[in-house]
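Peer 1: Residue-level listing of the chains:
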Amino acid sequence: MRTPGHSARLALYLGTVIAVTLVHHPVLLLLALAVIVLLSGDGRAGLLLRAGRPVFWVLLLISSGYLVMGWLTGEPVLAPLLLINLRVLVLAVLTAWMVRDVDLDRALVRWPGARRWLVIVRGQVRLFRRLVQDYHFAQTSRTVVPATLRQRYRRSAAIGLAALDKGVHNAEMVTLAMRSRGALHD
Amino acid sequence: MHIPDGLISPQTYFPALLVAAPLWWWAGREFSRRVGDEALPRLAVFAALAFVLSSLMLPLPGGTSGHAIGVGLLTLIFGPWVAFLAYTLVLLLQALVMGAGGITALPVNALAMGLVGAWTTWLLFRLLRPLQIDLAVVAAVSISIVVSALLVALVLGLQPLIAQAPDGSPRFFPFGWSVTLPAILIPHLFIALAESALTLMIWRHARRRHWLPVESTGST
Numbered sequence: 001m002r003t004p005g006h007s008a009r010l011a012l013y014l015g016t017v018i019a020v021t022l023v024h025h026p027v028l029l030l031l032a033l034a035v036i037v038l039l040s041g042d043g044r045a046g047l048l049l050r051a052g053r054p055v056f057w058v059l060l061l062i063s064s065g066y067l068v069m070g071w072l073t074g075e076p077v078l079a080p081l082l083l084i085n086l087r088v089l090v091l092a093v094l095t096a097w098m099v100r101d102v103d104l105d106r107a108l109v110r111w112p113g114a115r116r117w118l119v120i121v122r123g124q125v126r127l128f129r130r131l132v133q134d135y136h137f138a139q140t141s142r143t144v145v146p147a148t149l150r151q152r153y154r155r156s157a158a159i160g161l162a163a164l165d166k167g168v169h170n171a172e173m174v175t176l177a178m179r180s181r182g183a184l185h186d
Numbered sequence: 187m188h189i190p191d192g193l194i195s196p197q198t199y200f201p202a203l204l205v206a207a208p209l210w211w212w213a214g215r216e217f218s219r220r221v222g223d224e225a226l227p228r229l230a231v232f233a234a235l236a237f238v239l240s241s242l243m244l245p246l247p248g249g250t251s252g253h254a255i256g257v258g259l260l261t262l263i264f265g266p267w268v269a270f271l272a273y274t275l276v277l278l279l280q281a282l283v284m285g286a287g288g289i290t291a292l293p294v295n296a297l298a299m300g301l302v303g304a305w306t307t308w309l310l311f312r313l314l315r316p317l318q319i320d321l322a323v324v325a326a327v328s329i330s331i332v333v334s335a336l337l338v339a340l341v342l343g344l345q346p347l348i349a350q351a352p353d354g355s356p357r358f359f360p361f362g363w364s365v366t367l368p369a370i371l372i373p374h375l376f377i378a379l380a381e382s383a384l385t386l387m388i389w390r391h392a393r394r395r396h397w398l399p400v401e402s403t404g405s406t
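So the protein lines, in turn, are chains A and B.
Okay, so the first sequence: first residue is 1 according to this note's numbering, each after it adds one.
Okay, so the second sequence: first residue is 187 according to this note's numbering, each after it adds one.
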């Protein structure tokens, strides 16, 4: 069977996200979750873990707070909590699946401007991340004492400035490279 | 401060999309007019910096943490329309590449943090610049963060009022304003101070490197 292209997958993902916010029955959402997990193929456990990590604390905070509120007011809270948790979880799993299986470079093939922007920003983000990681390793390898709040703020500041210098230099190189290849049409 | 998918009702995100779409179109026009292809890589650098800033968790007193936004920095360097558009793209990338924030929450996040954050920064900066330029940067950025946080708190607190089941129970975010306002605003007062200090430092650095447009440097 021919699998849909990346642009179609992205469109399908966007449509499904909207559809999920229009469903208010926990059973249907549970069914949707089961279908998504089944269709997502190999690496389901990793996908669930990846999806659950960013929303876990949000859901825990909302659920525990709402449970306490329900306990204090005596109102039933389990049904709405189930609905909210399931919906957020379905959307998180769907997004994690999309992030794993949709190649945005290919999905945006019809929009070269957006694609170019994506490539440049993603490249810069990787550069900044590597710089942050290098700096973090450099600092932790030189001391066994955990950084104080002041040191952590100073570290963030130093990373910001170093990243900016490196990033702007890199951007200038990119501009020259793009111009030399005729991408700027001048 | 990013709102994940599933907590904002269609009653909120569809009207927000209707408001945001023409503003994105207008911002796109302003972008083409003000920023040429040549400046695109530099804008991408600052957009990436905003991306990283909003992924960096800032430690707060009491053991909690929050993330910076970065839209103030974009505004001071590229102006409010370009900052709004660039920050929308940052939010979109965060949603599609990292799975942070959300697609349905994108118009709300973009309007609250991108549009309102950028314009508040810009107007306050221009208003306060004659008094003292460093103060103008700090005040503009910190107040804009608090204003954006206030908007996010108001939108979240509105959900149980406008998206209820027939029995009155909430279908999306369940807490009202009595919870969302203090829970979001108080941490963001600390975040605003930290981010404005960080923005001032980067802005001074950018001024030393002559990266800023004349209107943002305070020169007459």
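One or more of the hints may lead you astray.
[To be verified] Label pairs and their computed distance ranges (CB to CB):
# : chain 1 : residue 1 : chain 2 : residue 2 : range
1 : A       : 25        : B       : 368       : 39 to 49 angstroms
2 : B       : 205       : A       : 179       : 46 to 56 angstroms
3 : B       : 205       : A       : 56        : 28 to 38 angstroms
4 : A       : 43        : B       : 350       : 21 to 31 angstroms
5 : A       : 133       : B       : 197       : 21 to 31 angstroms
6 : A       : 71        : B       : 350       : 16 to 26 angstroms
7 : A       : 134       : B       : 396       : 25 to 35 angstroms
8 : A       : 25        : B       : 211       : 30 to 40 angstroms
[Stated by the list, open to error] In silico contact screen, one side only, chain B against chain A (beta carbon under 10 angstroms); selected entries:
#  : residue
9  : 192
10 : 207
11 : 208
12 : 318
13 : 344
14 : 347
15 : 348
16 : 395
17 : 398
Since the hints were made in silico from the structure, they are not lab data.
All C-beta atoms, glycine included, are put in the ideal place defined by N, C-alpha and C.
Peer 1: Now tell me, hint by hint, if it's right for this structure.
Peer 2: These are the hints, each one checked on the structure:
Taking the beta carbon of each, residue 25 of chain A and residue 368 of chain B are about 33 angstroms apart, not inside 39 to 49 angstroms as hinted. Checking the proposed 46 to 56 angstroms range against residue 205 of chain B and residue 179 of chain A shows it is violated: the Cβ atoms sit about 38 angstroms from each other. Taking the beta carbon of each, residue 205 of chain B and residue 56 of chain A are about 32 angstroms apart, inside 28 to 38 angstroms as hinted. Between residue 43 of chain A and residue 350 of chain B the beta carbons are some 38 angstroms apart, a value that contradicts the proposed interval 21 to 31 angstroms.
Checked against the hint of 21 to 31 angstroms, the C-beta distance between residue 133 of chain A and residue 197 of chain B comes to roughly 42 angstroms, which is inconsistent with it. For the pair residue 71 of chain A and residue 350 of chain B, the beta carbons lie near 21 angstroms from each other, so the given range of 16 to 26 angstroms is met. The supplied range of 25 to 35 angstroms is met by residue 134 of chain A and residue 396 of chain B, whose beta-carbon atoms lie about 27 angstroms from each other. A C-beta distance of roughly 37 angstroms is found between residue 25 of chain A and residue 211 of chain B, which places it inside the suggested range of 30 to 40 angstroms.
The criterion of a C-beta within 10 angstroms of any C-beta in chain A is met by residue 192 of chain B, whose closest approach is roughly 4 angstroms, and the hint holds. The interface hint given for residue 207 of chain B is violated, since its Cβ lies 14 angstroms from the closest Cβ of chain A, which is over the 10 angstroms cut-off. A hinted interface residue such as residue 208 of chain B counts as satisfied when its beta carbon comes closer than 10 angstroms to some beta carbon of chain A; here the least separation is about 19 angstroms, so the hint is violated. For residue 318 of chain B, the interface hint is violated, the least distance from its beta-carbon to any beta-carbon of chain A being 21 angstroms, above 10 angstroms.
With a cut of 10 angstroms, the hint placing residue 344 of chain B at the interface with chain A is violated, because the nearest CB-to-CB distance is about 16 angstroms. A hinted interface residue such as residue 347 of chain B counts as satisfied when its beta carbon comes closer than 10 angstroms to some beta carbon of chain A; here the least separation is about 14 angstroms, so the hint is violated. For residue 348 of chain B, the interface hint is violated, the least distance from its beta-carbon to any beta-carbon of chain A being 13 angstroms, above 10 angstroms. Annotation: interface hint on residue 395 of chain B holds; nearest CB of chain A at approximately 7 angstroms, less than 10 angstroms.
Interface hint at residue 398 of chain B: violated, since its Cβ lies 12 angstroms from the closest Cβ of chain A, which is beyond the 10 angstroms cut-off.
Hints 1, 2, 4, 5, 10, 11, 12, 13, 14, 15, 17 from the earlier list are contradicted by this structure; the remaining hints agree with it.
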